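Colleague: Start from the sequences, fold in the hints, and give me the full structure.
Heads up: the sequence lines are chains A and B, in that order.
One point on numbering: in my numbering, the residue at position 46 of the first sequence is 46, and numbering is uninterrupted.
Adding 296 to a residue's 1-based position in the second sequence gives its number in my numbering.
Hint data in this document are derived by calculation from the structure and do not stem from the laboratory.
Warning: the hint list may mix true and false statements.
As the list claims (entries may be wrong) - What follows is a list of derived Cβ distance ranges for each label pair: (1) 133(A) <-> 426(B): 15 to 21 angstroms; (2) 467(B) <-> 28(A): 20 to 26 angstroms; (3) 9(A) <-> 317(B): 47 to 53 angstroms; (4) 12(A) <-> 313(B): 46 to 52 angstroms; (5) 324(B) <-> 2(A): 42 to 48 angstroms; (6) 551(B) <-> 173(A): 45 to 51 angstroms; (7) 209(A) <-> 426(B): 37 to 43 angstroms; (8) 137(A) <-> 361(B): 20 to 26 angstroms; (9) 272(A) <-> 310(B): 47 to 53 angstroms; (10) 137(A) <-> 317(B): 23 to 29 angstroms; (11) 9(A) <-> 467(B): 50 to 56 angstroms; (12) 338(B) <-> 65(A): 39 to 45 angstroms; (13) 133(A) <-> 394(B): 35 to 41 angstroms.
Said to hold, decoys possible - Below, in silico cross-link-like pairs of lysine to aspartate or glutamate (DMTMM-like), each with a Cα-Cα straight-line distance of 25 angstroms or less: (14) 295(A) <-> 276(A); (15) 439(B) <-> 16(A); (16) 503(B) <-> 198(A); (17) 591(B) <-> 572(B); (18) 167(A) <-> 323(B); (19) 213(A) <-> 565(B); (20) 557(B) <-> 505(B); (21) 143(A) <-> 312(B); (22) 439(B) <-> 198(A); (23) 143(A) <-> 316(B); (24) 509(B) <-> 424(B); (25) 439(B) <-> 65(A); (26) 439(B) <-> 134(A).
As the structure is a prediction and not an experimental result, all values here were calculated from the model.
Note that beta-carbon positions come from the ideal geometry of N, C-alpha and C, so glycine has one too.
Number of protein chains: 2
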Amino acid sequence: MPNFQQWIAAHQQRFESVLDQLLPAIDIAPQRLHQAMRYSVMDGGKRVRPLLAFAAGELAGANVERVNLAAAAVELIHAYSLVHDDMPCMDDDVLRRGKPTCHVAFNQATALLVGDALQSLAFQLLSEQPLTSDPARQLTMLKLLAVASGSRGMAGGQAFDLASVGKPLVLVELEFMHIHKTGALIRAAIVLGAYCGDRLNEAQIAKLDHFGKCIGLAFQVVDDVLDAEADTATLGKTAGKDADNDKPTYVTLLGVVEAKKMADELHTEALKSLAEFGESARRLREMADFIVMRKF
Amino acid sequence: MPNFQQWIAAHQQRFESVLDQLLPAIDIAPQRLHQAMRYSVMDGGKRVRPLLAFAAGELAGANVERVNLAAAAVELIHAYSLVHDDMPCMDDDVLRRGKPTCHVAFNQATALLVGDALQSLAFQLLSEQPLTSDPARQLTMLKLLAVASGSRGMAGGQAFDLASVGKPLVLVELEFMHIHKTGALIRAAIVLGAYCGDRLNEAQIAKLDHFGKCIGLAFQVVDDVLDAEADTATLGKTAGKDADNDKPTYVTLLGVVEAKKMADELHTEALKSLAEFGESARRLREMADFIVMRKF
Chain A
1 MPNFQQWIAA HQQRFESVLD QLLPAIDIAP QRLHQAMRYS VMDGGKRVRP
51 LLAFAAGELA GANVERVNLA AAAVELIHAY SLVHDDMPCM DDDVLRRGKP
101 TCHVAFNQAT ALLVGDALQS LAFQLLSEQP LTSDPARQLT MLKLLAVASG
151 SRGMAGGQAF DLASVGKPLV LVELEFMHIH KTGALIRAAI VLGAYCGDRL
201 NEAQIAKLDH FGKCIGLAFQ VVDDVLDAEA DTATLGKTAG KDADNDKPTY
251 VTLLGVVEAK KMADELHTEA LKSLAEFGES ARRLREMADF IVMRKF
Chain B
297 MPNFQQWIAA HQQRFESVLD QLLPAIDIAP QRLHQAMRYS VMDGGKRVRP
347 LLAFAAGELA GANVERVNLA AAAVELIHAY SLVHDDMPCM DDDVLRRGKP
397 TCHVAFNQAT ALLVGDALQS LAFQLLSEQP LTSDPARQLT MLKLLAVASG
447 SRGMAGGQAF DLASVGKPLV LVELEFMHIH KTGALIRAAI VLGAYCGDRL
497 NEAQIAKLDH FGKCIGLAFQ VVDDVLDAEA DTATLGKTAG KDADNDKPTY
547 VTLLGVVEAK KMADELHTEA LKSLAEFGES ARRLREMADF IVMRKF
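Modeller: Now the structure itself:
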């Protein structure tokens, strides 16, 4: 069995070619839109959500070809949210993953359409091929991604985020925001990966969902810590941006030491949800460690 | 049997309460986002796409409760596209359906999220309840809406539109743009309505799709004629905007007389596709007449 670093590297590399095949080719019209969609998705980030989908898929005994599509759907939703989030009317960020953001490299109108079209493509990927033996379960998967993306999920979390700028937020409100903004999609990645396989029952999938909730929050807490500590070059995006924008973070609310402690507690709770799965949840455990202990 | 005006009025009125029930309530958080989503969807327009879905659903013997959801999904995609299209980085329009556009009434960031969340909600509506006796066919419906909305459909058409500002466009290019920008969603409305029923085979649904293609183009040609002729008060949106923005239209390309002739020819071809259905396609025929002969 490959070690975790090898497992990650192999999936990351493979997943880039999956995305390359699933995104519309740049010689298909409208070419500039397709070029901008690829610019915004390819060579981007650590692919944490897809890796979580692959780890959950392995636990559920899923066909990796099916998990590819579920993972890509989640990653396209994530990518579209970054494109829209970076726009001047939102966070107004010019740098993302070490390169100019979409609206800087292209223009705002194109960035708007890139996000819109990536969202549509995500739902297309989840609906055009069989991902489970039961089409009704695939409909459940579509509903799950739609809810996780919408006003009660990711987009809703961003609306909370906007509304909270310059306001004193208590911890429970900050948590509520992040459970929606970042957490919903991380949970969706794990559950969709698991749904591609047949090995787990609903109670077990609920355990994975709780694992996702904890790890999603931990992810955000660590993000805030890294944002407060790292410099722009290491992070690949503008550092200290949220604090500069007067946005509440776990660090501004708790301080670095307490925030790190909170991440550790969430990490422990996440691992507890995996207890019954034994060795077959190894990759999910390693992903939890990776998320909490990452340095970038 | 009610006459066409009665049929339209009854469906329009009923559909407003359908939308009212399907949109998140404004007392659910995030409240301002939900308020803005309702602002952008309710009391809006003629509901041409839903009416086409209802007409096709009647032809296919569909349960109207199911068509409600398909019609609402299409209408939410349409509504989100208007919200994004009106934003300053796109058409920069301040008036829509006689009231301030979403980014004027709220702000740009909210308008961006409203559009994003409405798109998610559309896919949620198509996936959370059974719309056909066969879940696999419902997956086909989801794929159809995703493709019609995405970079090879509506969003792609808008990208063409952006790229064409200030450029001399020949008729075939203008048609290509509109088949995507407006046509894709109109066809989707008709085909999704028909898929909710069991009465039609694939060849018959292809006929309806061709009907939709013709009527979708006719809709745009008539829109350009109305835009060139009407004043702002009658239209409920800023008149002459496209011509002012140096965007090619059927009127700038063909002149009013030829554009009207083109609409008539498309109308005739649309009706031809319905020939085999006899009296049961009556509402679709009336919708075609309505679209071509409308004055607003």
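Colleague: Work down the list of hints and note, for each, if the structure agrees.
Modeller: We went through each hint and held it up to the structure:
Checking the proposed 15 to 21 angstroms range against residue 133(A) and residue 426(B) shows it holds: the Cβ atoms sit about 18 angstroms from each other. For the pair residue 467(B) and residue 28(A), the supplied restraint of 20 to 26 angstroms holds, since their beta-carbon distance comes to about 22 angstroms. The hinted window of 47 to 53 angstroms between residue 9(A) and residue 317(B) holds, with their beta carbons roughly 49 angstroms apart. In this structure the hint that residue 12(A) and residue 313(B) lie 46 to 52 angstroms apart at CB holds, the actual value being about 49 angstroms.
Checked against the hint of 42 to 48 angstroms, the pair residue 324(B) and residue 2(A) passes, with Cβ atoms roughly 46 angstroms apart. Between residue 551(B) and residue 173(A) the beta carbons are some 59 angstroms apart, a value that contradicts the proposed interval 45 to 51 angstroms. Between residue 209(A) and residue 426(B) the Cβ separation comes to about 24 angstroms, which falls outside the hinted range of 37 to 43 angstroms. With their beta carbons about 23 angstroms apart, residue 137(A) and residue 361(B) fall inside the hinted range of 20 to 26 angstroms.
Remark: the range hint 47 to 53 angstroms for residue 272(A) to residue 310(B) is upheld by a beta-carbon distance near 50 angstroms. Distance hint for residue 137(A) and residue 317(B): a CB-CB separation of about 26 angstroms, consistent with the stated range 23 to 29 angstroms. Our hint of 50 to 56 angstroms for residue 9(A) and residue 467(B) holds, since their Cβ atoms are close to 52 angstroms apart. Between residue 338(B) and residue 65(A) the beta carbons are some 43 angstroms apart, a value that agrees with the proposed interval 39 to 45 angstroms.
Evaluation of the 35 to 41 angstroms hint for residue 133(A) and residue 394(B) yields a failure: the beta carbon distance comes to about 51 angstroms. Only pairs whose Cα atoms come within 25 angstroms are accepted, and residue 295(A) paired with residue 276(A) is rejected, the gap being roughly 30 angstroms. A hinted pair counts as satisfied when its Cα atoms are at most 25 angstroms apart, and residue 439(B) with residue 16(A) qualifies at roughly 23 angstroms. With a CA separation close to 40 angstroms, the supplied pair residue 503(B) and residue 198(A) exceeds the 25 angstroms bound.
Distance restraint check for residue 591(B) and residue 572(B): the Cα-Cα separation of roughly 30 angstroms exceeds the 25 angstroms cut-off, and the hinted pair is therefore not satisfied. With a CA separation close to 21 angstroms, the supplied pair residue 167(A) and residue 323(B) stays within the 25 angstroms bound. Distance hint between residue 213(A) and residue 565(B) is unfulfilled; the C-alpha atoms sit about 55 angstroms from each other, more than 25 angstroms. For a cut-off of 25 angstroms, the pair hint linking residue 557(B) to residue 505(B) stands: about 22 angstroms separates their Cα positions.
Taking the CA atoms of residue 143(A) and residue 312(B), the gap is about 23 angstroms. The hint holds against a cut of 25 angstroms. Of the pairs offered as hints, the one joining residue 439(B) and residue 198(A) holds, with about 24 angstroms between alpha carbons and a cut-off of 25 angstroms not exceeded. Taking the CA atoms of residue 143(A) and residue 316(B), the gap is near 20 angstroms; set against the 25 angstroms cutoff, the hint holds. Between residue 509(B) and residue 424(B), the direct Cα distance comes to roughly 28 angstroms. Violation of the 25 angstroms bound is thereby established for this hinted pair.
Using a Cα cut-off of 25 angstroms, the hinted pair residue 439(B) and residue 65(A) holds, with the two alpha carbons roughly 18 angstroms apart. Distance check on the hinted pair: residue 439(B) and residue 134(A) sit about 17 angstroms apart at the alpha-carbon level, within 25 angstroms; holds.
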